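Construct the entire structure; sequences and hints are all you get.
Letter by letter, the chains look like this.
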Amino acid sequence: MSRLDIVDLRVAFDAPGGPVEVLRGIDLSVTAGRTLGVVGESGCGKSVTMLAAMRLLGRRAHVTGRVRLDGLDMLALPETEMERIRGGRIAMIFQDPMSSLNPVHRIGTQLRETLALHRDLSGGAAAAEAVRLLDRVGIPAARSRMSDYPHQLSGGMNQRAMIAMALAGEPEILIADEPTTALDVTIQAQILDLLRDLQAERRMAMVLITHDLGVIAETADDVAVMYCGRVVEHAPVERLFASPRHPYTRGLLASLPRMDARETSLRPIPGSVPPAGALPMGCAFAPRCGAAEPGCHAIMPLLAPRADRHEVACHVGARAAA
Amino acid sequence: MTAALLEARNIARDFLVRRPGDLLGRKRVLRAVDGVDIVVARGRTLGIVGESGCGKSTLGRLLLGMLPPTSGTLRFEGQPLHAREDAAWRRQRRRLQMIFQDPLGALDRRLTLGEQIREPLDIHETADVQARERRLDEMLDAVGLSRTMAARYPHQVSGGQRQRAVIARALILDPALVVCDEPVSALDVSIQAQVVNLLRELQARIGVAYVFISHDLKVVHHVSHEIAVMYLGRVVEQGARDRLFARPEHPYTRALMSAVPRPDPQQRSRRILLSGDPPSPLDIPPGCRFHTRCPAASDLCRRSEPALAPLADGHRVACHHPGRDTPP
Amino acid sequence: MIRFFASKLLRAFATILFVVTFAFLVLRVSGDPALLIMGAEAPPDAIAAFRAAWGLDEPLWRQYLSYFAAIANGDLGYSMRDRRPALGLVLDRLPDTLRLMLPALAVKILIGVPAGIYAALHRDTWIDRTTMAFSVLGYSVPNFVLGLMLVLLFAVNLRWLPSGGAETWLHTILPIVVLGTAGAGILARFTRSTMLEILGQPYIRTATAKGVPWFRVVSWHALPNAAIPTVTVIGFMIGSLIAGAVVTESVFSWPGIGRQLVVAVANRDVAVVQVILLFVAGSMVVSNLAVDFLYGWLDPRVRTTRGKEG
Numbered sequence: 001m002s003r004l005d006i007v008d009l010r011v012a013f014d015a016p017g018g019p020v021e022v023l024r025g026i027d028l029s030v031t032a033g034r035t036l037g038v039v040g041e042s043g044c045g046k047s048v049t050m051l052a053a054m055r056l057l058g059r060r061a062h063v064t065g066r067v068r069l070d071g072l073d074m075l076a077l078p079e080t081e082m083e084r085i086r087g088g089r090i091a092m093i094f095q096d097p098m099s100s101l102n103p104v105h106r107i108g109t110q111l112r113e114t115l116a117l118h119r120d121l122s123g124g125a126a127a128a129e130a131v132r133l134l135d136r137v138g139i140p141a142a143r144s145r146m147s148d149y150p151h152q153l154s155g156g157m158n159q160r161a162m163i164a165m166a167l168a169g170e171p172e173i174l175i176a177d178e179p180t181t182a183l184d185v186t187i188q189a190q191i192l193d194l195l196r197d198l199q200a201e202r203r204m205a206m207v208l209i210t211h212d213l214g215v216i217a218e219t220a221d222d223v224a225v226m227y228c229g230r231v232v233e234h235a236p237v238e239r240l241f242a243s244p245r246h247p248y249t250r251g252l253l254a255s256l257p258r259m260d261a262r263e264t265s266l267r268p269i270p271g272s273v274p275p276a277g278a279l280p281m282g283c284a285f286a287p288r289c290g291a292a293e294p295g296c297h298a299i300m301p302l303l304a305p306r307a308d309r310h311e312v313a314c315h316v317g318a319r320a321a322a
Numbered sequence: 001m002t003a004a005l006l007e008a009r010n011i012a013r014d015f016l017v018r019r020p021g022d023l024l025g026r027k028r029v030l031r032a033v034d035g036v037d038i039v040v041a042r043g044r045t046l047g048i049v050g051e052s053g054c055g056k057s058t059l060g061r062l063l064l065g066m067l068p069p070t071s072g073t074l075r076f077e078g079q080p081l082h083a084r085e086d087a088a089w090r091r092q093r094r095r096l097q098m099i100f101q102d103p104l105g106a107l108d109r110r111l112t113l114g115e116q117i118r119e120p121l122d123i124h125e126t127a128d129v130q131a132r133e134r135r136l137d138e139m140l141d142a143v144g145l146s147r148t149m150a151a152r153y154p155h156q157v158s159g160g161q162r163q164r165a166v167i168a169r170a171l172i173l174d175p176a177l178v179v180c181d182e183p184v185s186a187l188d189v190s191i192q193a194q195v196v197n198l199l200r201e202l203q204a205r206i207g208v209a210y211v212f213i214s215h216d217l218k219v220v221h222h223v224s225h226e227i228a229v230m231y232l233g234r235v236v237e238q239g240a241r242d243r244l245f246a247r248p249e250h251p252y253t254r255a256l257m258s259a260v261p262r263p264d265p266q267q268r269s270r271r272i273l274l275s276g277d278p279p280s281p282l283d284i285p286p287g288c289r290f291h292t293r294c295p296a297a298s299d300l301c302r303r304s305e306p307a308l309a310p311l312a313d314g315h316r317v318a319c320h321h322p323g324r325d326t327p328p
Numbered sequence: 001m002i003r004f005f006a007s008k009l010l011r012a013f014a015t016i017l018f019v020v021t022f023a024f025l026v027l028r029v030s031g032d033p034a035l036l037i038m039g040a041e042a043p044p045d046a047i048a049a050f051r052a053a054w055g056l057d058e059p060l061w062r063q064y065l066s067y068f069a070a071i072a073n074g075d076l077g078y079s080m081r082d083r084r085p086a087l088g089l090v091l092d093r094l095p096d097t098l099r100l101m102l103p104a105l106a107v108k109i110l111i112g113v114p115a116g117i118y119a120a121l122h123r124d125t126w127i128d129r130t131t132m133a134f135s136v137l138g139y140s141v142p143n144f145v146l147g148l149m150l151v152l153l154f155a156v157n158l159r160w161l162p163s164g165g166a167e168t169w170l171h172t173i174l175p176i177v178v179l180g181t182a183g184a185g186i187l188a189r190f191t192r193s194t195m196l197e198i199l200g201q202p203y204i205r206t207a208t209a210k211g212v213p214w215f216r217v218v219s220w221h222a223l224p225n226a227a228i229p230t231v232t233v234i235g236f237m238i239g240s241l242i243a244g245a246v247v248t249e250s251v252f253s254w255p256g257i258g259r260q261l262v263v264a265v266a267n268r269d270v271a272v273v274q275v276i277l278l279f280v281a282g283s284m285v286v287s288n289l290a291v292d293f294l295y296g297w298l299d300p301r302v303r304t305t306r307g308k309e310g
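Protein chains in written order, with this note's numbering: chain A, 1 to 322; chain B, 1 to 328; chain C, 1 to 310.
The set of hints was computed from the structure by calculation and includes no laboratory data.
Mixed in with the good hints there might be a few duds.
Claimed, not checked - The calculated label-pair distances, taken between Cβ atoms and stated as ranges, are: (1) B:Phe-15 <-> A:Met-259: 31 to 41 Å; (2) B:Val-17 <-> C:Leu-153: 55 to 65 Å; (3) C:Leu-10 <-> A:Gly-17: 53 to 63 Å; (4) C:Phe-236 <-> A:Ala-116: 35 to 45 Å; (5) B:Tyr-153 <-> A:Asp-260: 36 to 46 Å; (6) A:Glu-238 <-> B:Pro-68: 51 to 61 Å; (7) B:Tyr-153 <-> C:Val-156: 53 to 63 Å; (8) A:Pro-305 <-> B:Glu-133: 51 to 61 Å; (9) C:Phe-236 <-> B:Leu-16: 28 to 38 Å; (10) A:Ala-15 <-> B:Tyr-153: 15 to 25 Å; (11) B:Ala-41 <-> A:Pro-305: 51 to 61 Å; (12) B:Pro-68 <-> C:Ala-14: 29 to 39 Å; (13) A:Asp-260 <-> B:Pro-310: 18 to 28 Å; (14) B:Pro-310 <-> A:Leu-57: 50 to 60 Å.
Said to hold, decoys possible - Here are some chain C residues pointing at chain A (derived, C-beta under 8 Å): (15) Gln-201; (16) Pro-202; (17) Tyr-203; (18) Arg-205; (19) Thr-206; (20) Ala-207; (21) Ala-209; (22) Lys-210; (23) Val-212; (24) Pro-213; (25) Pro-224; (26) Asn-225; (27) Asp-299; (28) Pro-300; (29) Arg-301.
In this text, all values refer to a predicted model and were calculated from it rather than measured experimentally.
Quick reminder that beta carbons are idealized off the backbone N, C-alpha and C, glycines included.
Encoded structure:
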């Protein structure tokens with residue numbers, strides 16, 4: 001039973017006026033057989049969290065904290081060890097399937113590269129396994145698609161090929177970063193269905209990063225809501241949607257247009273997200289928060305562990321729940 | 001029944017395209033919009049929804065007169081829609097405005113928001129300078145931008161504020177119709193809600209009509225009085241918002257609605273999954289163009305293309321077996 | 001694909017026709033070869049005989065047409081000065097030019113491309129900044145300035161290398177360096193920016209995220225993509241090799257077709273000028289065709305059509 005624990009993860013990027021902190025202490029964990037949904041608006045740090053954990057941010061990012069894979073600290077491993085984990089124990093898929101596959105190499109070749117790296121398969125065995133994987137992710141006529149280039153396939157088919165490539169290393173954890181954002185809604189439904197099936201079938205842990213609360217509600221078991229580089233609420237999915245405790249989560253839900261509602265006006269969150277370099281004192285959400293108290297502007301609320309596993313980083317929300 | 005503001009009759013638009021990869025190959029005709037009838041009433045919103053490649057953006061540009069139709073007729077306020085840049089065209093331009101997805105691309109980086117919002121007044125020289133300034137103030141108030149915000153340049157403000165400026169600029173000449181193509185798709189949900197609310201408030205106050213084009217069924221539901229669903233260049237279903245959402249008739253509309261993820265974990269897996277991808281607009285299937293993916297397709301659907309026809313209650317659908325998710 | 005190249009060839013032919021016509025008119029209108037070759041003091045009847053012999057007394061359009069009629073018969077004309085076939089004269093000199101140009105091209109590619117890649121991989125370090133400083137220096141110093149400076153240093157002061165002529169391989173070193181420097185600088189800069197753009201692409205992140213070692217990410221995932229635009233630039237360089245010979249050959253008194261062109265223009269020796277121009281235009285056309293062909297080979301998006309999926 002593998003698990004990934006992210007502890008106090010912080011990331012700062014070099015900028016002309018000094019480093020800018022975009023992740024300000026993230027704690028998350030993922031366990032086998034469950035899907036963690038990470039949700040937030042652009043710039044909240046949801047993608048950066050996973051890229052930092054996988055050490056994919058490059059030299060301009062300063063990463064501190066701990067990322068433990070079954071007790072192994074990934075941030076301290078030598079690069080060659082990380083290469084074995086990436087695509088092997090932990091695989092990733094990304095937002096835009098068209099540009100996430102290499103345009104000059106065939107689908108089959110790219111798939112076989114992963115098989116060679118992580119399963120030591122080559123020749124006929126690799127080809128057979130590649131076809132099997134493409135078939136599993138629902139690509140019709142898998143054998144002939146092997147010799148296609150990414151531009152010859154649709155966005156949905158490319159995302160399936162990406163998923164096949166992620167499965168090729170038989171990962172324990174699959175990180176899906178906005179996997180359906182670039183796709184049409186009917187194709188999104190197909191891909192989400194596929195991801196859910198695969199996760200159940202392989203007992204993988206899955207991290208699903210998205211801005212879409214609908215996708216979260218349909219796919220996740222646990223949810224982390226992020227705002228300005230911090231997790232502000234963390235709960236099992238039913239609890240989060242049934243009784244959201246953080247004013248930001250409530251605001252997000254209230255601002256969603258719903259197809260079943262009649263003529264109710266949307267209730268947007270006033271103002272806009274402050275830039276990472278210029279966060280206010282105390283709770284970063286306080287200036288936009290209807291429930292803010294004087295203390296919120298001075299003291300940053302922390303995500304306190306609770307018996308009901310519904311954690312909220314809010315002075316007001318935590319008191320109300322207690 | 002209010003008088004028709006914009007009326008499109010059987011409009012179609014072809015593009016000549018090269019097959020990708022074939023640099024010198026024969027060009028082929030791509031019919032992006034194929035025989036569409038649209039009526040927009042004064043002060044109302046017509047939502048146009050569909051997935052990528054369904055022709056909704058081309059339709060939007062046809063309705064604006066930015067693109068001449070290959071066939072069919074367009075009338076705006078009773079007059080033929082002018083594609084030529086003459087005096088009549090200028091008069092129509094004032095009454096017919098547009099808002100696009102990317103507000104940064106729609107704004108000039110070298111002018112302040114205020115200058116750009118006022119620009120249509122300056123171009124059309126509608127009033128003296130003081131009156132124009134007063135009008136600018138009114139518009140800034142209406143879209144919720146402060147005077148200090150108006151003095152900033154596009155890259156100095158957030159995406160939501162930019163889109164407010166674009167809306168102010170579109171509305172400053174008091175148009176009768178604004179065609180909005182994916183106006184909130186680039187915005188985060190909390191900002192999206194602000195802009196959607198703003199568009200609705202402005203409509204209630206000044207009576208402007210919208211054509212609201214989007215791939216997002218939730219947003220379209222929220223802003224529209226009437227909705228047209230497009231698939232591969234055709235309108236497959238059209239009707240009043242509540243009728244459409246309460247009882248979608250076309251299997252495509254039904255699948256589309258069921259595919260939208262709902263923010264409610266209790267409502268999982270009620271989806272109608274469509275198989276495969278939409279066909280290429282260069283390769284439209286014979287018969288009903290949806291039959292290749294339709295869960296309710298019959299032999300009839302493979303042979304003959306259904307026309308968009310009214311049901312008993314006036315709701316229009318282009319389907320041989322409306323209301324079904326399984327073959328008859 | 002065949003139609004694609006047929007249209008390319010047709011356009012190339014039109015280009016060459018235009019170049020040749022333009023050169024013919026400019027040379028004919030700007031000076032009189034009879035006076036320039038015979039000398040102003042030559043007896044008038046000798047000049048008249050020269051004119052009659054070369055057809056210079058006929059109207060310009062007749063000369064132009066008979067020039068092309070001759071070309072159609074495979075006759076590229078005679079040099080008025082040497083009274084030998086122009087093609088032979090130029091072909092005699094061509095190997096000497098190539099003896100400079102091909103090594104210079106190798107210098108450009110073998111220094112420029114690796115330097116660009118290396119700088120990109122060490123972006124914003126002192127390695128990158130130093131490489132780029134040399135690159136800017138390389139392509140912003142004009143050929144003749146660099147040539148003269150090198151001659152002053154290595155030939156006049158240090159006396160390590162000869163200042164001009166073509167007797168030994170030592171004579172080739174300075175001209176090759178001069179010819180190679182600018183191109184290497186341009187290629188380094190171009191390769192660097194191309195590499196940086198490619199390294200920022202999502203598919204590079206995909207490759208890293210699936211555990212591909214960095215060396216292979218660069219060599220197998222990034223380089224083939226970076227090669228596509230870089231090949232275009234190298235193609236242009238190959239096309240302009242002969243044209244680039246003019247200045248350098250003059251500085252180093254190198255007996256190639258660059259200097260031959262200078263002399264032929266001075267004498268209004270049309271046939272020789274035209275043959276050289278044909279070589280120049282021809283090399284550009286051929287290298288352009290080669291680039292198009294390579295594009296198809298390197299970039300599957302050009303080569304293959306979008307298939308029907310499902």
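Checked hints:
For the hinted restraint 31 to 41 Å between Phe-15 (chain B) and Met-259 (chain A), the CB-CB distance of approximately 33 Å keeps it satisfied. About 60 Å separates the C-beta atoms of Val-17 (chain B) and Leu-153 (chain C), a value consistent with the hinted range of 55 to 65 Å. One distance hint, 53 to 63 Å for the beta-carbon pair Leu-10 (chain C) and Gly-17 (chain A), holds here, with the actual separation near 57 Å. For the pair Phe-236 (chain C) and Ala-116 (chain A), the beta carbons lie near 38 Å from each other, so the given range of 35 to 45 Å is met.
Taking 36 to 46 Å as the suggested C-beta distance range, the pair Tyr-153 (chain B) and Asp-260 (chain A) conforms, at roughly 41 Å. Between Glu-238 (chain A) and Pro-68 (chain B) the beta carbon distance is about 54 Å. The supplied range of 51 to 61 Å therefore holds. Checking the proposed 53 to 63 Å range against Tyr-153 (chain B) and Val-156 (chain C) shows it holds: the Cβ atoms sit about 58 Å from each other. Between Pro-305 (chain A) and Glu-133 (chain B) the beta carbons are some 58 Å apart, a value that agrees with the proposed interval 51 to 61 Å.
Take Phe-236 (chain C) and Leu-16 (chain B): their Cβ atoms lie about 32 Å apart, and the range 28 to 38 Å holds. Range check, Ala-15 (chain A) to Tyr-153 (chain B): about 20 Å between beta-carbon atoms, so the 15 to 25 Å window is met. Remark: the range hint 51 to 61 Å for Ala-41 (chain B) to Pro-305 (chain A) is upheld by a beta-carbon distance near 57 Å. Pro-68 (chain B) and Ala-14 (chain C) have their C-beta atoms about 34 Å apart, which keeps the hinted 29 to 39 Å range intact.
Taken as a hint, the range 18 to 28 Å holds for the pair Asp-260 (chain A) and Pro-310 (chain B), whose Cβ atoms sit roughly 26 Å apart. Roughly 57 Å separates the CB atoms of Pro-310 (chain B) and Leu-57 (chain A), a value that falls within the hinted 50 to 60 Å. This hint holds: Gln-201 (chain C) has a C-beta 6 Å from the nearest C-beta of chain A, less than the 8 Å allowed. Because the closest C-beta pair between Pro-202 (chain C) and chain A is about 4 Å apart, less than 8 Å, the hint holds.
Hint status for Tyr-203 (chain C): holds, given a least beta-carbon distance of 4 Å to chain A, under 8 Å. Interface hint at Arg-205 (chain C): satisfied, since its Cβ lies 6 Å from the closest Cβ of chain A, which is below the 8 Å cut-off. Taking 8 Å as the C-beta cut-off, the interface hint given for Thr-206 (chain C) holds, the closest approach to chain A being about 5 Å. For Ala-207 (chain C), the interface hint holds, since its Cβ comes within 8 Å of a Cβ in chain A; the closest pair sits about 7 Å apart.
Nearest Cβ of chain A to the Cβ of Ala-209 (chain C): about 4 Å, under the 8 Å cut. The hint holds. Taken as an interface hint, Lys-210 (chain C) checks out: its beta carbon lies about 3 Å from the nearest beta carbon of chain A, inside 8 Å. A distance limit of 8 Å between C-beta atoms decides the matter here; for Val-212 (chain C) the minimum to chain A is near 7 Å, and the interface restraint holds. At a threshold of 8 Å, the smallest CB-CB gap from Pro-213 (chain C) to chain A is about 6 Å, leaving the interface hint in force.
Annotation: Pro-224 (chain C) was flagged as interfacial toward chain A, and the flag holds, the nearest CB pair being 5 Å apart, inside 8 Å. Look at Asn-225 (chain C): its Cβ gets to within about 6 Å of chain A, closer than 8 Å, so that hint holds up. The beta carbon of Asp-299 (chain C) is positioned within 8 Å of a beta carbon in chain A (closest approach about 7 Å), and the interface hint is therefore held. With 8 Å as the threshold, the beta carbon of Pro-300 (chain C) comes within range of chain A, its nearest partner Cβ sitting at about 4 Å, so the hint holds.
Residue-level restraint check for Arg-301 (chain C) holds (minimum Cβ-Cβ distance to chain A is 5 Å; threshold 8 Å).
Checked against the numbered hints listed earlier, the structure breaks none of them; every hint is satisfied.
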